[in-house]
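Starting from the known structure of chain P, fit chain C onto it as the hints suggest.
Number of protein chains: 2
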Amino acid sequence: MRIMQKQIKLINRPKGTPTKDDFKMISGPIESASDGEVVVKTVYISVDPYLRGRMNDTKSYIPPFALNEMITSGVIGQVIQSNSSLFDKGDVVLGALPWQEYSVVKENAVRKIDHQMAPASAYLSVLGMTGLTAYFGLLDIGKPKEGETVVVSGAAGAVGSIVGQIAKLKGAHVVGIAGSEEKVKYLIDELRFDAAINYKTQNVAQALREACPNGIDVYFENVGGEISDAIFPLLNNFARIPVCGAISSYNNEQADVGPRVQGYLIKTSSLMQGFTVGNYSARFGEGAKELATWLKEGKLKYEETITEGFDHTIDAFLDLFNGANLGKAIVKVADIE
Amino acid sequence: MRIMQKQIKLINRPKGTPTKDDFKMISGPIESASDGEVVVKTVYISVDPYLRGRMNDTKSYIPPFALNEMITSGVIGQVIQSNSSLFDKGDVVLGALPWQEYSVVKENAVRKIDHQMAPASAYLSVLGMTGLTAYFGLLDIGKPKEGETVVVSGAAGAVGSIVGQIAKLKGAHVVGIAGSEEKVKYLIDELRFDAAINYKTQNVAQALREACPNGIDVYFENVGGEISDAIFPLLNNFARIPVCGAISSYNNEQADVGPRVQGYLIKTSSLMQGFTVGNYSARFGEGAKELATWLKEGKLKYEETITEGFDHTIDAFLDLFNGANLGKAIVKVADIE
Numbered sequence: 001m002r003i004m005q006k007q008i009k010l011i012n013r014p015k016g017t018p019t020k021d022d023f024k025m026i027s028g029p030i031e032s033a034s035d036g037e038v039v040v041k042t043v044y045i046s047v048d049p050y051l052r053g054r055m056n057d058t059k060s061y062i063p064p065f066a067l068n069e070m071i072t073s074g075v076i077g078q079v080i081q082s083n084s085s086l087f088d089k090g091d092v093v094l095g096a097l098p099w100q101e102y103s104v105v106k107e108n109a110v111r112k113i114d115h116q117m118a119p120a121s122a123y124l125s126v127l128g129m130t131g132l133t134a135y136f137g138l139l140d141i142g143k144p145k146e147g148e149t150v151v152v153s154g155a156a157g158a159v160g161s162i163v164g165q166i167a168k169l170k171g172a173h174v175v176g177i178a179g180s181e182e183k184v185k186y187l188i189d190e191l192r193f194d195a196a197i198n199y200k201t202q203n204v205a206q207a208l209r210e211a212c213p214n215g216i217d218v219y220f221e222n223v224g225g226e227i228s229d230a231i232f233p234l235l236n237n238f239a240r241i242p243v244c245g246a247i248s249s250y251n252n253e254q255a256d257v258g259p260r261v262q263g264y265l266i267k268t269s270s271l272m273q274g275f276t277v278g279n280y281s282a283r284f285g286e287g288a289k290e291l292a293t294w295l296k297e298g299k300l301k302y303e304e305t306i307t308e309g310f311d312h313t314i315d316a317f318l319d320l321f322n323g324a325n326l327g328k329a330i331v332k333v334a335d336i337e
Numbered sequence: 001m002r003i004m005q006k007q008i009k010l011i012n013r014p015k016g017t018p019t020k021d022d023f024k025m026i027s028g029p030i031e032s033a034s035d036g037e038v039v040v041k042t043v044y045i046s047v048d049p050y051l052r053g054r055m056n057d058t059k060s061y062i063p064p065f066a067l068n069e070m071i072t073s074g075v076i077g078q079v080i081q082s083n084s085s086l087f088d089k090g091d092v093v094l095g096a097l098p099w100q101e102y103s104v105v106k107e108n109a110v111r112k113i114d115h116q117m118a119p120a121s122a123y124l125s126v127l128g129m130t131g132l133t134a135y136f137g138l139l140d141i142g143k144p145k146e147g148e149t150v151v152v153s154g155a156a157g158a159v160g161s162i163v164g165q166i167a168k169l170k171g172a173h174v175v176g177i178a179g180s181e182e183k184v185k186y187l188i189d190e191l192r193f194d195a196a197i198n199y200k201t202q203n204v205a206q207a208l209r210e211a212c213p214n215g216i217d218v219y220f221e222n223v224g225g226e227i228s229d230a231i232f233p234l235l236n237n238f239a240r241i242p243v244c245g246a247i248s249s250y251n252n253e254q255a256d257v258g259p260r261v262q263g264y265l266i267k268t269s270s271l272m273q274g275f276t277v278g279n280y281s282a283r284f285g286e287g288a289k290e291l292a293t294w295l296k297e298g299k300l301k302y303e304e305t306i307t308e309g310f311d312h313t314i315d316a317f318l319d320l321f322n323g324a325n326l327g328k329a330i331v332k333v334a335d336i337e
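Residue numbers (UniProt numbering), protein chains in the order written: chain P, 1 to 337; chain C, 1 to 337.
This is chain P alone, in the form it adopts within the complex:
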């Protein structure tokens, strides 16, 4: 008798904003583990904006998801059976795993995490992919200097909130752009940003002029669209723009059109550099170590928006495009035992 579990497959390539109809929750068997494999119970699933891009059948930095196959993303799990000398039952692990309740994987597909040092979910956020994205994008491309002005969009999100805090640690004047009063309050009161702008209720161009009296030296781009259009006229000479995300356009069906940037870049000798965290894989150790140190020293705060239950994974993903999350969006599937 095979033990069955729930799994989530992509059944349509979304047109525009994804809907529940693009996904299907099915029942599938739990495979058995061969030599060198472990059975991992899914504990936390990371839902991320970049997954939207993989749902399109277009060339990008990672291949698209196949239709009628499971979605995969960052997952924290617990080993419940091990046929590997590298893992013991009970080990808590991280890997890129399918959206299902249990995965059987080769021993090199996951790595152990120390959930005594930090809560396991932190390895999906501040100590994981989104923290490293913030770390390398800001420090390697943005290179903020003391006294410079750093603006970050999506500022209350998983990446943006870490970007702003690292920029503060480097002595910058930090301005966040976010989409609710609650988020603005969080950025100012909890994360100690110097200013925060609610793009839904404020005139962003005017608010930026007021919040950035000395112009903008670094703009950490998470959203694209009209919000970033307002940045370019305020760039200082030799400004740097790490281009991390453009969530405002991920669901566009029409071409995403706005003011061309070339003229601004020439006038100010500014740089835009697209990147993905994978570019820095050789330096993950260095980044993770510094992030962990800051976290331990209380210099870095992080928030998680936890959705409970595997059945709500799709909802949690769709909510990303409503700006419903503060900090990292995570689905909690099971407890660590």
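By construction, these hints were calculated from the structure, which means they are not laboratory data. The reader is advised that the hints may include incorrect statements.
In this list, chains with the same sequence are indistinguishable; a pair is considered to hold if it fits within one copy or across any two.
[Claimed, not checked] Below, computed lysine-lysine pairings styled on BS3-like, alpha-carbon distance capped at 27 Å:
1) LYS89 / LYS145
2) LYS41 / LYS145
3) LYS145 / LYS59
4) LYS15 / LYS41
5) LYS143 / LYS41
6) LYS9 / LYS59
7) LYS143 / LYS59
8) LYS168 / LYS24
9) LYS289 / LYS299
10) LYS41 / LYS20
11) LYS185 / LYS89
12) LYS89 / LYS112
13) LYS289 / LYS170
14) LYS145 / LYS301
15) LYS145 / LYS106
16) LYS106 / LYS9
17) LYS301 / LYS332
Just chain C, lined up with the frame of chain P:
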């Protein structure tokens, strides 16, 4: 009795494309030279697209021209009277000088050039500002590697033609975009580009796909607008875009609108870097030396479109926006004696 000369002043800030009415040819006195000054007879005047930007009253990397004052640009002249120990009568010099037939300048405002080594006008083009722009933009930002594909727009212009030839020297597959059959023929037959596209008669996106079967690694941006819109979908991972000019938009009165670039930059981890040649002033010697070597070795060709007569300076400037020039646009005002 004062000797009078012709001068050209800016009398209106152009709206859109400049017209003759924005300038005025007047008669003004030739000043007399004080100690440490020289009188320079204007020989060649450089007319350049970037001057259009200085006619607007907006913040940029160099201050705008003042209304009712003379335009200044790169000028080659000959010393006809010297009150400086640094210069002798007859010396051929280069400086940023007003558009007039004679200038009286301090000795540190001009520098001697060796017009035995290369024709004097070359110091306004391949050995001067435009050659250095090509050199540093391509090599410092574009960093073409052997076998990579380099696309350059404005390819038959003063900067573009040098960019393409340096890229060939570095072993790249070089594709030029220009605006006439004559220019396309020049790029292929004379400069040995691997392919050239006539944007006025060809579908640029389709022609680029054919000319760049391996995608685009470096795009040297001189024009902006729809031509560069066609580049972004073909960028390879880690592509580099030196953003040097955007002549297509210099005369725009409306906002210059097109597809936003953020998504393309993220997908390919590509870089756009605005620059002006002045950023590299500390390294001009290094660039000028290598350009002169290539020129002497016959590895670098250059063209000039010479307009004869000071009276036609404004025409020569206006022609830049009709794409009338092949190579560097220069006005010849007088002979070297």
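Now for the hints, and whether the structure bears them out:
| no. | hint | result |
| --- | --- | --- |
| 1 | LYS89 / LYS145 | neither (47 Å within a copy, 50 Å between copies) |
| 2 | LYS41 / LYS145 | neither (44 Å within a copy, 47 Å between copies) |
| 3 | LYS145 / LYS59 | between (36 Å within a copy, 23 Å between copies) |
| 4 | LYS15 / LYS41 | neither (32 Å within a copy, 67 Å between copies) |
| 5 | LYS143 / LYS41 | neither (40 Å within a copy, 48 Å between copies) |
| 6 | LYS9 / LYS59 | within (21 Å within a copy, 53 Å between copies) |
| 7 | LYS143 / LYS59 | between (30 Å within a copy, 24 Å between copies) |
| 8 | LYS168 / LYS24 | neither (43 Å within a copy, 53 Å between copies) |
| 9 | LYS289 / LYS299 | within (14 Å within a copy, 51 Å between copies) |
| 10 | LYS41 / LYS20 | within (25 Å within a copy, 76 Å between copies) |
| 11 | LYS185 / LYS89 | neither (43 Å within a copy, 71 Å between copies) |
| 12 | LYS89 / LYS112 | within (12 Å within a copy, 80 Å between copies) |
| 13 | LYS289 / LYS170 | within (17 Å within a copy, 40 Å between copies) |
| 14 | LYS145 / LYS301 | within (21 Å within a copy, 43 Å between copies) |
| 15 | LYS145 / LYS106 | neither (44 Å within a copy, 39 Å between copies) |
| 16 | LYS106 / LYS9 | within (21 Å within a copy, 76 Å between copies) |
| 17 | LYS301 / LYS332 | within (20 Å within a copy, 66 Å between copies) |
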